[in-house]
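Engineer: Sequence:
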Amino acid sequence: MGCRRLWECHGLARCFARPSAESSHRYPGRRWTVATLAREARHSRSVFAQRFLEATGKPPLQYLTELRMRLALHSLSREQHSVEAVANQLGYGSLAAFSRAFKRTVGISPGAVRAAKSVDG
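Those letters in the sequence shown? Residues 1 to 121, per the UniProt record's numbering, in order.
I should point out that these hints are in silico values taken from the structure, not numbers from a laboratory. Given the structure is predicted, the values throughout are model-derived calculations rather than measurements. Even glycine gets a Cβ: it sits at the ideal position worked out from N, Cα and C. Heads up, a few of these hints could be off.
Claimed, not checked - Under the rule of at most 25 Å between Cα atoms (straight-line distance), these lysine to aspartate or glutamate pairs were calculated in the DMTMM-like manner:
id : residue 1 : residue 2
1  : K117      : E79
2  : K103      : E66
3  : K58       : E22
Claimed, not checked - Pairwise CB distance ranges, derived in the manner of DEER restraints:
id : residue 1 : residue 2 : range
4  : P59       : L95       : 34 to 44 Å
5  : Q50       : R78       : 15 to 25 Å
6  : A115      : R42       : 12 to 22 Å
7  : S44       : A116      : 36 to 46 Å
8  : S82       : R45       : 15 to 25 Å
9  : K117      : R26       : 24 to 34 Å
10 : F16       : G111      : 32 to 42 Å
11 : R100      : G57       : 16 to 26 Å
12 : I108      : E54       : 13 to 23 Å
13 : P59       : Y27       : 31 to 41 Å
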């Protein structure tokens, strides 16, 4: 990917949503809602959600989930963190919720990524 930050790739660098994009990247484990992201961007919830979708092609929480799963994939495949530790760092209240989101987004379970890392060294 040619962009330093995911939000730059989605056209958010010069966009109304830049403050919320920067905050969600800085604090991906925070319990974000569309309303809290909208407050970061100083917009109403409905205006923010609509404009975010128009700018990125994705709803704000889908974008956030994909960001979290990209970070999780990196952490699980390159670092020594357990699946549970990664889930906690990214704001998931339960391992089951994290595992479902990871598998839905990435296509394989977080445990499979972890196991592949163990085999690869």
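Engineer: Now tell me if each hint is right for this structure.
Structural biologist: Each hint tested on the structure:
no., hint, result
1, K117 x E79, "holds, 9 Å"
2, K103 x E66, "holds, 11 Å"
3, K58 x E22, "holds, 17 Å"
4, P59 x L95: 34 to 44 Å, "violated, 25 Å"
5, Q50 x R78: 15 to 25 Å, "violated, 37 Å"
6, A115 x R42: 12 to 22 Å, "violated, 44 Å"
7, S44 x A116: 36 to 46 Å, "holds, 44 Å"
8, S82 x R45: 15 to 25 Å, "violated, 35 Å"
9, K117 x R26: 24 to 34 Å, "holds, 26 Å"
10, F16 x G111: 32 to 42 Å, "holds, 39 Å"
11, R100 x G57: 16 to 26 Å, "holds, 23 Å"
12, I108 x E54: 13 to 23 Å, "violated, 32 Å"
13, P59 x Y27: 31 to 41 Å, "violated, 19 Å"
Comparing the model with each numbered hint stated earlier shows that hints 4, 5, 6, 8, 12 and 13 do not hold.
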